Structures are given as structure tokens and as C-alpha cells.
Amino acid sequence: MSRINPTFDRLKKRGQSALIPFIMAGDPDIKTTEALVLGMAEAGADIIELGVPFSDPIADGPTIQAASHRALQNGVNLKEVLHMAERLSGIDTPLVLMTYFNPVFRYGLRNFAESCGRSGVDGVIIPDLPPEEAGLWIGEARKVSLDTIFLIAPTSSSDRIRLVSRYSRGFIYYVSVTGVTGARENLPDDLEPAIKRIKEQNKKPVAVGFGISTPEQAKKIGLLADGVIVGSAIVKMVEENLRHPELTLKVKDFVSSFAQALKS
Amino acid sequence: MQKNFPDREGHFGVLGGKYVPETLMDPLIQLEKAYRSVRRDPAFRKELNSYLKDYAGRPTPLYFAKRLTEEFKGARIYLKREDLTHTGAHKINNTLGQALLAKRMGKKRIIAETGAGQHGVATATAAALLDLKCIVYMGEEDIQRQSLNVFRMKLLGAEVIPVSSGSKTLKDAVNEALRDWVTHVRDTYYLLGSAVGPHPYPMMVRDFQSVIGRETKKQVLEKEGRLPDCLIACVGGGSNAIGLFYPFFKDNVRFIGVEAGGLGVNSGKHAASLCAGSIGTLHGSKSYILQSDSGNILETHSFAPGLDYPGVGPEHGYYKESRRAEYVTVTDEEALEAFHLLSQTEGILPALESAHALAYTKKIAPSFKRDEIVIINLSGRGDKDVQSVALRQGVEL
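These protein sequence lines are chains A and B, in that order. First residue of the first sequence: 197, per my numbering; consecutive thereafter. First residue of the second sequence: 168, per my numbering; consecutive thereafter.
Rather than coming from a laboratory, the hints here were simulated on the basis of the structure. Here the structure is a predicted model, which is why all the values come from computation and not from measurement. Worth double-checking, as some hints may not be accurate.
Listed below are the simulated EDC-like cross-link pairs for lysine to aspartate or glutamate, each with C-alpha atoms no more than 20 Å apart in a straight line [as the list claims (entries may be wrong)]:
#	chain 1	residue 1	chain 2	residue 2
1	B	LYS200	A	ASP355
2	B	LYS530	B	GLU238
3	B	LYS233	B	GLU513
4	A	LYS275	B	ASP460
5	B	LYS200	A	GLU328
6	B	LYS530	B	ASP193
7	A	LYS415	A	GLU381
8	A	LYS415	A	GLU442
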């Protein structure tokens, strides 16, 4: 059973928004990723999103592309990420995998859904699998109560918002900008009406990602949305401290600064 | 098997579809609407046909290759001379069509990917003609081996952006073009050059390239009074092949697609997605791709940059699965030999890509009767490859 909805419910009662940090699994290696997940959970992450490396990440900017490349160079693949998730299944923080579709297709949809279920993964985001092509995947995920998280973008029409909302479980991922992943200095102006437009159509939690790089930005978005996803900014920090003995501590402090901004 | 494909969602059997980030979903739906409306619009077709005729130089000849026929000792060999179009390859058929569509849609900025540079040149040409801003993504390795085409694109006013990620070839250029499109989708038209990518591209590119097959059909009936026995074309993404094959779909004509065998399919250094790949998703559609056990895309090798790609159009995958077409490979060496052969027997320098189709024809021609007809799509001319052939032979230009 996914722990994502109970997490949002609990936070909602406290009037808080969920902090969802993202890191690339296997960057720089699987052992470090495990330590980072534990560190981020301690630092106040409400849900943790783990990227699965892929050779052709078309929705990602340079930072996550580079992280994906480093992980692949270390021979990390979907199978290993699932093994790691299993080792981490003791922690209370829900885990979400973000993977491109081809590794999942190759692994086998049923096989993958069942492995996620066994490993204690709560939800899966597949950025290049829109609901139109996701019928079989949704079927397999439902069987093991795995949340299927779909995305809405600034270019999504009302019809598409309806479609994505219907098939999303756990939360809806709102892509804040028209573009690829990556830290940005300024938040888009149309965020508030965009989130309102989604909220009018359904009661599912909405988390916002793409471009959020500072605690101040996170705080602002936390007032509008149910969750805040921080990816490239953390991945950048990992990249800049790959061989640093205190990498985990640095990331933990960084995530903690976001948690404080969101919970204050 | 019915001819009405793809279906409404862009599927060719289980292949095709739209596997793209959500940001591109609505723009693709709008693109399909716009395309379906111009397809029915007589004014659009008239405008496109006039450019194809007076600007691109269509119809291209269907040439009976007498000396090649004697050399091959088998079927009567015809060449569909796409190499004689303006810019020197079939790519212009598609770029004129899509650039006119972009203009109709009010887009001012056009982006494209290119491998051999032929699609980049054809896009830059159409953009100059129709007064559109043009940006071409090209892998660094391809920039090295096709420097002539890079400079041609610049002369035509296009900006060429080198791509240094991954294998630095066509696959990575498509990745970058897609990332650009995700970012600038509101004012930008992505002019995809092959019958690959998310729906509606495979359908649209096939339709614009089908002029090759329609002309061929008319010409062969005029010259021979009957349909050909076999059509042969090289397949990278597969646009020239699908353009030749599609109008003959319902006819009793054999189709052969020739993939790049590189250093040999067993060497692992090739680009034979149909012959040696498996089903997966790449660049927005489901088709045959070259992938690892963990579902990552493999690096490819072919000395013909236009074939150096780990995927193939979903319609070819469908033709393979339904056995409508046969797919085979030839190696770099065999293609190079065919390149020299055509140059010396017919006085035509073929593109290295097209030389793959010639090389396979050489192998298979003797299995035909002397009065049987085989048509090869000579998809492009070889001027762009002169430098790399010289380099291979240790000749300094």
C-alpha cells in the first residue's frame, strides 16, 4: 500500500506542504545514494524521488543529464536501483522512482510493478509515458497498489488536465516551466493560476517541480501547492562534491534548509 | 492487412504512438490537426506541388542503368534519381512540405536535427526560401565527417549547434532538438527529417516522401508497361524507403530495406535496428531499436552518417512484423565498393547511404530473371562523402 496519500493527508492537517527532494540513483555510486536517502529523510524530506539513469534523458537539462551519465558509467541500472530500494524499505519516508519508459518496457511492465511492490516503492513517475500510452502500465501498477504519477505542463489543455488527473494516483506532478529540468533563478508568473486550474478539476495533491533551486522559492510554492520538488539544485550539489568526505552532510544541510523554509 | 494506418493515436500495429514529455503532448495534437487540415486543402497542395516542380526539380528521372544491369547479370536495374533534386537528396521533399506547414501554423523559428547534413541542408534551404529562422542540431562527430554540409547550412543562413553528448551523432542531435522543442514549443516548429519520432511525424514524413513512389509508379508504367518486381532502398530512420514503398503497398511488389551493417552485424558495430534490434521506445515512438539488456540505447556505427542511428521508423517495424517488407544489411566495405562501382559504370557518385541499397542489389540481382525489374532508390548524391572516402583511402585533398 502506498504511503504517499497518508503523507499528504498528515501534512495537510498541519497546513504544510511536502518537501520532495530528487537525486539520481548511482550518482556517484549506489552506496552514496543510500546514505543520501537516509540523510535526506532525517533532514525532513517528506517523500524522496529517485532517478533511474537512462542513456537518452530528453526531458532533462545538463545537470541531470550529467548525473545520469555518471551513474551509467558506474554500471547502475534499473535492477540495481530496485535492489537498493528494497534495502531502504525500512525507512518511513515514501519512495518514488522516476524513470524513462524504455528501461521499464525492457524490464517488463508486470515484472517492474511487482518488483516495485516488493521493494517498498510507493510510486513511479515516467516522464515520457503520457496516459494515452499507459493503459497496460496503469493496470499492472494498480494490481500492486503502486501510485502512477503523471505530469501536467504549462502547455496542457483543459482536456489533458482532466485526463492526467483521472489517471494520477498519489499526486499530480506539475511541471512549472515549459522546458527541461534545471535550476532557474526566477519562478514563472503564471504558477498561481496554473495550479488553481488543476485544483478546480480534482482534489488530488499537486506537487510542483522543475527549476526550484532556493528555500525562498520553495516557500513561495509551498503556499500554492501541496508539494515542492527540488531536483537539479541538489544534484548540482552532489556533482560539486563528488569526492568530498562530507558530501552526505552537505546535502543533508541543504535539504534541511528547504525543510525549514517549508515548515516555518 | 489494411492500408489505413497509422490509427488515430498514431499506432502501426503495436508500434508508433506518442512517448513524449507532457509538455509536447498538446503541441503534437495541434500539429496533427494542422497537418490533417492542410492535407485536405487544395491550395496547400498546389503551393507544395509548385515548389516541388519548379524549385526542387521534380519529377526526378527514373533512369534505366544499362551498364549496371550488364554488370549485375540479373534483373533490369532502374535508379530513381532523388540525387538530382535541389540540395541533392530526397530530404527536400519533406522539408518543403513541413516548412510550408510551419508557415501556415504561424511559427517563425524552425529547428532540425541532422546526421549526414542532408536534412540540415534541406531544412536550411526551405527556411531561407520561406523566410524562417533555422537552427540545426548536429553531433560533433558528424560535424567532423560532413564539414562541407556544415558550411552549406551556414551559407544558407542557418545556425548549426554542435552536440557533444553521448555518441555525438544523429541520436544525440535528436535529443537536443527535442530539448529545444520542449523549451521553445510555443513559437518553434520541429522539422523532423525522418519517418521517426512521435505521431504524427512518421505519418507526415511518409506522406511528404510518397511523391517518390507515386512518380516511380507512373514512370515505370510508362517505360515498361508494368509494375516493378522489387523495390530496394536504404533504411536509417527510413524516410526514403517508406516514400518509395508506400504507394506500392497494395501491389504485388517485393520491398527490400537495406540497413547499415557497419563492420558486420556480429561485430556489434552497426546500425541495424530492424535486423539486430528489439522493440522499445526511443525519441517519442515505439519501434525497433538497438538497446542493452537494461534498456539503455546502444551506440551505433556506420560510415554513412545518415544511417548511423539506433532506431527506425515504426512503419518499417510494422512492415517487418507483418512481413510486407524484407530487411537486410550490408557492411561499410560492401557499400564502399558499390559507391565506386556506380561511379565507374554509370558516372554517378551516390551518397554512401544510397550505396547500401546498390550493394545489396548487386548481391540479389542474379536471383532475378533477365526481364524482371528492380528499382533502387538513389536517395542522395555522394558529393558530401567525397572527403570521407578520400580520407579512408589515405588521399589528401
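Indices of hints not satisfied (ascending): 6, 8
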